[in-house]
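Here the protein sequences line up with chains A and B, keeping their order. In terms of our numbering, the first sequence opens at residue 3 and continues consecutively. In terms of our numbering, the second sequence opens at residue 37 and continues consecutively.
Ranges of calculated distance between the beta carbons of each label pair, as one might list FRET restraints:
1. A:Met78 - B:Thr218: 28 to 38 Å
2. A:Ser153 - B:Ser207: 39 to 49 Å
3. A:Asp154 - B:Lys214: 38 to 48 Å
4. A:Glu18 - B:Glu95: 26 to 36 Å
5. A:Asp116 - B:Pro203: 56 to 66 Å
6. A:Glu84 - B:Asp109: 31 to 41 Å
7. B:Pro203 - A:Asp154: 48 to 58 Å
8. B:Thr218 - A:Asp154: 25 to 35 Å
Selected chain B positions facing chain A (Cβ under 7 Å, derived; list incomplete):
9. Ile61
10. Asn62
11. Phe63
12. Asn69
13. Lys71
14. Gly99
15. Thr102
16. Pro118
17. Val124
18. Leu148
19. Gly152
20. Phe234
21. Ala242
22. Leu245
23. His249
Don't read these hints as lab results, they were simulated from the structure. Backbone N, C-alpha and C fix where the C-beta goes; we use that ideal spot for every residue, glycine too.
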Amino acid sequence: MTKDHKLREAHLCFYEKDIAEIDQELDGFLELSGARCALLVDRSGHMVTRRGTSLDGSLESVAALAAGSFSATREMARLLGEGEFNHLFHQGSRESIQISAVGDRSLFVIVFDDHSNLGLVRFYAEESSARLKEIFASISLQEDKGDGGLSDDFSSKATAALDELF
Amino acid sequence: MALAVKYHPGTKSPKSLERADMVQINFAKKQVNAKVVYYGPGMSGKTTNLEVIHQRAPEGNRGELTSISTEGDRTLFFDFMPLDLGTVAGMRTCFQIYTVPGQVYYSSTRKLVLQGVDGLIFVADSSPNMMEENLESLRDLAENLAEYGRSIEDMPLVIQYNKRDVPGALSIDELEEKLNPTGVPAFEAIANTGQGVFPTLKAVAASVLDSLHRQQGEVTGSGTCREGAEPGDEPQAAGQQAASASSTPMPVSAHEAPAHEHGPTSSASPTAGDGSSEAARPTIPMSQTGFHEAPSVPISQAGPAGVEEEVPPVTSASEEVSSQGLRMAPPQVASSGLQMKASEPVNPPAPAPQAPQAPQAPQPTHPVSQVQQPVAQSAVQTRTRRAKRPAQAAASTMEVEAGATAPKRRAPNSRSFPSSPAMPEARPTPKAKRNAMVTGVIIVASVLIGAILGSFVLSIL
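The task is simple: from the sequences and hints, build the whole structure.
So, in structure tokens, the structure goes:
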């Protein structure tokens, strides 16, 4: 097992090329579906990447709440004897959100308005989710992209930054 | 729009994924994200800790405080706040701080919030008669972590003894003995006045960062971790290492330390650098916890003005399309009078060439070739299943597609986002497939119309 594989196993780790591939897929999805914004979020609530027009609110909060919301429905699914619900949809008067599972580690969060509709978004989201899953599977097997790692003094510098903050 | 879902033999099982620490390192965006969770019994002050952090963090470093709570200020799901440390060693470092609902009733909700946690702060209530609740919550924490295949001993964990100002508060010795048998770093606090809040946060942050660094060191062989040690194997050692690497007060284990010194001692510096004299204490009394008011002026190292602004301005394909007036239009009737039927979008023209492509795809690992055939079959099955989906969806969906297709028709390679050179193969885009489909429909319709017109003319003659 290479050092890169170990790093990827230890953490959710994305490199330049991974993000380029994912962004390309999200761009394609947005073009076809007419959705406003597409986020890729890990199940802990951290945002991996996003494409499309920006939202008014904090994207970090949207990502965290989407992950929480999806986790809650998964628990409901478990109580019903399901593994998990693959899609989650919140409908608003203007904006709506569709959340789809991408493999075991990520969520595909789509914000769309009346320029699109649920059928269209769901149709293309399902295809994009499958392709994103494929991308995740392939990048987990790829070698180091030469992006380097965290610098040796990262931990001490970050702690110093926190000291300075408070 | 064929799907070719590949199942790599080397892909980890969900269980092993859940076991993994989930610090997210995004080298593309130069970002490190870590998740810290405040845990503890109900009304012990977890949300108060977060509110104090939010109030006193510089504007540019704090995100929005999101709280899902009941009307009575009891947390219902979680509270959440991103805290941006700014750019550290070239990486934007961000802590996502969560709290959980404390009541016993919400155990399953607490478990959800623990998913992917990187560091824990256990907020114990020092009030008299709260020992049993504290112990129950600690047991609940261990059980919920175990559900994710993780152990409380392997986590960066800090304990905060809150409400030290309550009359008749439990003694530190008693709390330490019952709640902290493993001797993790512990701090006294009065969260509603802000005392002890930041030293606790700094300690867990240092522990998380050090844990991350040690694992990184293991991977890259940079020598920051002892040989053979497992990630998170020795959280106490991690804490001590973090303490030595920073100015954050980080007490040593109670087992390693002499008797606890309780009560105020003289003239601790009000800065965080006061930890130098605290190496021998199992807990940090409030008088020495280094609490001080947050600076009113944002520090120079503060990151970008806001989380929203930090995200680089992305001009996505959809934005480009929109600016050119080519954005997908709402449902409309095609001007030619030809309306696409519900079954048309899934006509096979597109998927057909996909199957032969599978063997051509560069597959670095030899076992993949053995699973190619099942993969191809599963792709076909998926397509078949998928073919019914649009028909089941509203017909209006298809009308949207038909209406949208006309203005978006372009040359097959005219997809507005750049094709990545890194892509292993040029896959027919969904748009190209749809264009081909629409072209076919138009040709057929033209022939039909021609035939009808011809017969009409003939009948007149």
